[in-house]
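Peer 1: So the sequence lines, in the order shown, correspond to chains L, R, G and H.
Here the first sequence stands for residues 34 to 344, numbered as in my numbering.
Here the second sequence stands for residues 233 to 520, numbered as in my numbering.
Here the third sequence stands for residues 5 to 403, numbered as in my numbering.
Here the fourth sequence stands for residues 5 to 246, numbered as in my numbering.
Just so you know, these hints were derived from the structure itself, not from any lab.
Here a beta-carbon is modelled for each residue, glycine too, at the ideal position from N, C-alpha and C.
Just so you know, not all the hints are guaranteed correct.
Said to hold, decoys possible - Below, a list of computed lysine-lysine pairs in the DSBU-like style, where the Cα atoms sit at most 30 Å apart:
| # | chain 1 | residue 1 | chain 2 | residue 2 |
| --- | --- | --- | --- | --- |
| 1 | G | K403 | G | K349 |
| 2 | G | K232 | G | K34 |
| 3 | G | K403 | G | K58 |
| 4 | R | K317 | L | K325 |
| 5 | G | K75 | G | K58 |
| 6 | L | K325 | R | K419 |
What the hints assert, rightly or not - Some residues of chain G that are not near chain L, with every Cβ distance over 12 Å (derived):
| # | residue |
| --- | --- |
| 7 | T115 |
| 8 | E309 |
| 9 | E335 |
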Amino acid sequence: MRLSPTDWRNLTLSALALAFVACLPWLVGNYGLSIGVTIVMYTVLATSWALFSGPTHYISLATAAFFGVGTYVTGIGIEYLPYWTLLPLAGVIGAVLAALVGLATLRLSGVYFVIFTLGLAEFIRQVITWGQNVSGAKGIYVLTSITEAHIYWQLLGLAALVYLLGWAIGRSRLGFALRIIGDDEQVARHSGIHTARAKILLFLVPGSVAAITGAILAPRYVYIEPSLAFTPMLSFQVVIMALLGGTGRLWGPLVGVIPFTFLWEGISITVPNQTTLLLGVSFLVIVYLLPKGFVGLFGAIRRRMGSEGLV
Amino acid sequence: MDIIVTGLLLGGTYALIAMGLNLQYGMARIMNLANGEMLVAGGFAAFWFWTAAQVSPLLTVFIVAPVAFAANWLIYIVFLRPLVKRARSRGQLEVDSILTTFGLSFVSVGLMLAVFGGDYFSYSYLSFPVHILGDSYGANRVAAFVSAVIICGALWLWLDRSRAGLTIRAIAVAPDSARLVGIDVGKMAALAFALGGAVTATGGALISTFLTLDASTGVMFTLKALIIVIMGGVGDIRGTIIAALALGLLETFVATLIDPGLTLAAAYLLFVVILLVRPQGLFGRRTT
Amino acid sequence: MKRRTFAQIAALALATGFAAVPASAQDTLKVGAVAPKTGPLAGGAAVSYWPNVKLWVETVNARGGLNVDGKQMMLEVIEYDDQTNPGETIKAVQRLVEQDQADIILPPYSTGLNLASAPIYHRYGIPMITSTATTDKADELSAQFPNVFISLGGAQPIALGAVEVLTELRDRGDIGNKVAIVNVADAFGIELANVAKPAFADAGFELVYESSYPLGSQDLSPVMKAVKSADPDAFVAFSYPPDTFALTEQAQIEDLQVGAFYTAVATAFPSYAGRFGESIEGVLGIGGVNADDEAFQTYAARHEEVTGAKPDYWASAMVYSTFEVLEQSIEAVGLDNAAIIEHIKANAFDTVIGTLDFDENNNNPSFWTVGQWQDGVFKGVASTGREGAVDVVVKGPWK
Amino acid sequence: MSAVLSLRGVTKRFGGLVAVNAMDFDVAEHEVLGLIGPNGSGKSTTLNLISGALPVTSGAIALRGSPITQLPAQDIARRGIARTFQLVRLLPSMSVLENVMAGAVFGHRRRWGYEAEAVAQTMLEQVGLAGRGHMAVGQLTYIDTKRVELARVLAGEPRVVLLDEWLAGLNPTELEEGVALIRALRDEGRTIILVEHVMDAIRSLCDRCVVMASGTKIAEGTPAEVLADPEVIRAYLGDDDA
């Protein structure tokens with residue numbers, strides 16, 4: 034793989050941008066930082082989600098399941114293992130879980146996949162609580178000295194990894210295969226693409242990234258219990274943000290996450306009693322008015338400007 | 233014996249939960265993820281009529297059903313018909329309807345929170361024991377089971393015998409061909425969707441006599457209903473009934489003989505096994 | 005919007021009933037409250053938490069406001085919904101401090117959300133008198149977060165309270181030796197069951213049935229049938245709100261005849277009595293209050309008058325009492341958080357649940373553990389040193 | 005003459021309906037085989053069985069002697085059988101060049117990067133679309149979409165090419181171009197199975213024909229032989245006229 038001058042320029046710009054946002058903890062107060070954590074967390078989750086769901090059109094609602102597993106890896110593991118080993122461990126466990134789910138459902142139609150992933154978080158939660166019940170383990174405390182800024186930097190690092198990975202996949206045979214699958218699965222198969230394998234491989238990305246995210250955030254929660262770790266809202270919010278941005282481009286989810294986070298802040302502040310209602314309404318607005326997200330909107334504007342330029 | 237009767241009663245409950253969704257997904261081709269909220273709304277209505285005026289939930293259903301029918305008709309016309317028109321393929325419609333009904337489910341939870349508050353609501357109705365084959369069971373569960381039998385039976389007869397039922401089944405099997413033989417597919421789909429909503433709300437009113445609900449519990453029921461519909465085969469009434477009964481029996485068996493902590497896990501396992509062995513569901517037609 | 009509504013109510017109350025000066029901008033204190041209005045814990049918060057926030061602010065404003073360093077300050081509430089999501093709780097608390105510049109911040113709701121936000125309260129030095137968190141790690145927590153006070157007690161004493169009450173009934177000869185225990189397979193239920201099971205065995209009880217069921221089980225009749233066939237003398241369920249209702253109903257259907265019937269969370273809810281009426285006479289449950297105490301009765305009456313609903317007989321009064329602790333401390337030392345924390349550590353407070361006094365671990369050592377429905381009121385029968393416990397009675401047949 | 009592809013007793017049932025009944029035939033290296041027959045006789049289904057689009061009910065298919073009967077479509081494609089579709093299937097979000105590259109990257113011979121691009125360019129030249137690689141597929145005329153699909157198939161350098169009514173729907177001028185294109189492939193020595201209705205094309209292109217009716221092979225031989233066969237005529241025109 035050779036890099037063109039444009040690639041080098043983009044990489045340099047990205048690195049500069051990353052360095053700049055890494056300074057956030059010194060630039061804003063705690064509240065600003067907590068919004069920063071929220072934005073980076075959803076950027077990581079939504080971007081990795083879109084890496085899979087964008088080309089395959091499978092709507093995965095399993096984010097909460099992987100995330101919850103990740104928080105438990107930290108919660109349980111922190112007593113036995115050094116903290117830095119936990120993140121890769123969470124990634125591996127998330128990937129294994131994703132592979133199992135993928136093997137079971139990705140050969141089937143998209144609907145089964147949606148339902149399966151919708152129930153997955155609930156299922157894992159049941160199994161974990163049952164395990165706690167049998168083993169007599171209590172709710173888990175994660176009392177560490179890790180601060181919000183540490184969490185922020187770890188998430189930023191993960192975000193950089195996700196972008197690099199997405200960029201690399203986009204330039205690889207796998208990425209090309211996925212674009213073909215997204216366009217026409219039958220053509221893909223008859224062109225010699227192992228479609229199920231490609232999809233399962235790709236599904237490992239959101240699985241392990243969400244698990245690592247959960248592992249990073251666990252110290253922030255202090256006390257981990259299944260109903261908080263596996264909250265289904267997380268899966269839904271990731272889907273909305275990714276779709277709002279648009280899944281066609283690597284940077285699509287980011288342009289969904291940032292406005293959505295601020296919109297959400299605004300809603301929480303002004304109408305704290307109706308957050309669910311407004312979340313639903315924003316969902317509807319996206320489906321009806323922005324079916325291709327901001328990416329699609331930009332594309333349409335650019336096309337229009339381009340055609341005007343020609344005339 | 234005891235296990236079987238308990239399991240069948242639970243299965244009847246599940247049939248009530250899933251039947252409406254089967255009509256909506258199987259016939260109207262809308263994967264309605266706001267289905268559970270319709271169920272909770274039905275339960276709310278029953279609760280409200282009971283506490284305000286001591287109206288029996290068995291009578292409330294005659295108010296709930298037509299209101300839910302009208303509400304779902306409107307939902308279909310306003311929100312879903314534009315999607316059906318816009319969709320270029322079945323897959324696209326599926327994705328769009330999933331997202332839309334997600335949104336609708338949040339909106340309904342929000343509305344119910346605003347109207348009723350976040351509190352649990354429960355009341356006692358027919359909570360005395362009935363003796364069947366030497367064991368005692370809650371009268372409200374038996375009543376719900378009997379209602380489930382009546383509703384499922386009536387639906388089956390209607391779909392199997394009446395002209396409207398025939399046309400609905402026709403669009404479920406082959407929407408494009410149905411259009412060619414002069415069936416107004418849009419209208420029939422709206423009818424099936426509205427009917428499904430009415431059945432779900434009725435189920436909600438009935439099960440609220442023995443389950444404690446609150447505004448945010450809907451998604452639990454949606455999930456159960458989806459699993460049952462997929463297991464039974466999309467668009468097949470018999471399949472849904474059998475899958476519901478099988479699930480009820482399985483959960484009761486596991487709860488009684490193995491460990492009540494594993495009931496939901498077992499239900500999920502059954503779902504996965506059926507998906508792997510027969511992806512089209514127990515009674516579904518294999519699509520080629 | 006919400007804030008303005010409260011301010012309007014306060015202003016209206018002043019203008020009509022109490023001839024005090026109308027609130028002006030500099031005379032108000034901003035009170036921040038973060039708790040679930042949606043999500044899995046919204047149901048509990050709607051019963052025990054939010055009504056008390058409303059009641060407390062109205063009560064304080066109705067008597068002319070809070071006396072801060074000799075100046076009467078009216079209260080104005082800023083409410084945030086954390087959607088039962090710890091991340092949102094953290095963010096909302098930070099928002100209250102940094103954006104809204106709230107003067108007083110109330111503790112959040114539930115064990116998990118309280119603990120998740122404890123580091124944030126700690127960093128800002130805000131006193132956090134939790135009223136809905138149960139933990140057995142109070143000493144560790146207070147070592148790491150000295151600003152945190154625990155008032156609701158831990159799982160251990162609560163479970164042991166149940167054992168103690170049953171032991172008393174047995175030793176009086178009211179019930180036999182066989183006990184059946186079930187629990188919901190979720191954090192709190194598991195913790196309670198794990199403490200209670202060995203304790204029952206140590207007390208000489210025979211465990212004739214034990215089992216757990218998942219949160220959200222739709223049918224508990226297999227559980228109750230199994231309990232019934234084990235023929236226990238006492239039934240103990242460490243349950244959550246939906247299953248507390250379901251288990252009670254199933255017990256009535258199965259006609260489970262036991263001398264002691266115990267269910268956990270929600271037994272003390274008014275809606276429990278609302279649903280089952282007189283049939284729950286003698287039912288034991290988690291929590292309890294000194295129901296005959298005048299302070300509580302006044303509180304209950306005010307609660308119903310202001311919020312339109314009755315308080316529950318466990319957490320409601322506890323939540324309110326922690327607000328009172330904060331109120332009295334502020335009036336004593338002003339708005340200096342460090343001084344407030346010291347004041348809370350050093351003093352005992354007279355509240356609606358009686359005297360509240362935190363020990364050296366910032367823990368409230370005396371709290372109600374078991375209550376019982378007697379004559380339509382859920383009265384405390386066991387506690388770790390509270391006054392006003394009534395004698396436990398043996399439960400008769402279901403009515 | 006060794007058989008590149010051979011079918012033995014290949015049968016496909018849809019429930020009670022036998023769509024393809026015990027088909028036996030061989031395709032030799034460098035041969036153009038026409039698979040013909042009236043509508044609904046099972047030609048396209050046979051093609052779908054060979055390419056793995058449908059599972060075979062019974063019988064055996066072998067490519068150069070090794071069985072491919074139960075393989076999934078992608079493995080069959082990888083082993084060197086590539087196909088076009090009855091209704092042209094292009095990848096709508098991709099450029100013409102990328103469409104062709106799909107074949108070059110994942111087909112029988114697998115390439116990547118500049119090499120794949122170069123192969124795709126060559127194939128575009130071969131089908132007469134040189135210099136149009138940057139276009140969106142939506143901008144193409146009907147025959148050009150067919151050319152792109154053909155180029156995608158050829159880019160993987162398959163051993164056997166299956167063309168499913170590739171000439172259908174073309175106007176007379178386009179038809180001439182299309183026939184010339186396939187003839188050029190034939191002259192290159194490609195092995196091709198052609199499902200076709202256009203009789204003139206069959207006569208001029210095919211070395212040999214297999215005729216199907218109601219799922220069964222009723223004749224086999226050179227185009228001239230089979231088209232003179234009374235049974236074939238009866239199958240095309242119906243029993244009444246015979």
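Peer 1: Now, for every hint given, state plainly whether the structure supports it.
Peer 2: Hints versus structure:
| no. | hint | result |
| --- | --- | --- |
| 1 | G:K403 <-> G:K349 | violated, 47 Å |
| 2 | G:K232 <-> G:K34 | violated, 54 Å |
| 3 | G:K403 <-> G:K58 | violated, 37 Å |
| 4 | R:K317 <-> L:K325 | holds, 17 Å |
| 5 | G:K75 <-> G:K58 | holds, 22 Å |
| 6 | L:K325 <-> R:K419 | holds, 29 Å |
| 7 | T115 | violated, 7 Å |
| 8 | E309 | holds, 22 Å |
| 9 | E335 | holds, 28 Å |
Violation of the numbered hints given earlier is confined to hints 1, 2, 3, 7; the remaining hints are satisfied by the structure.
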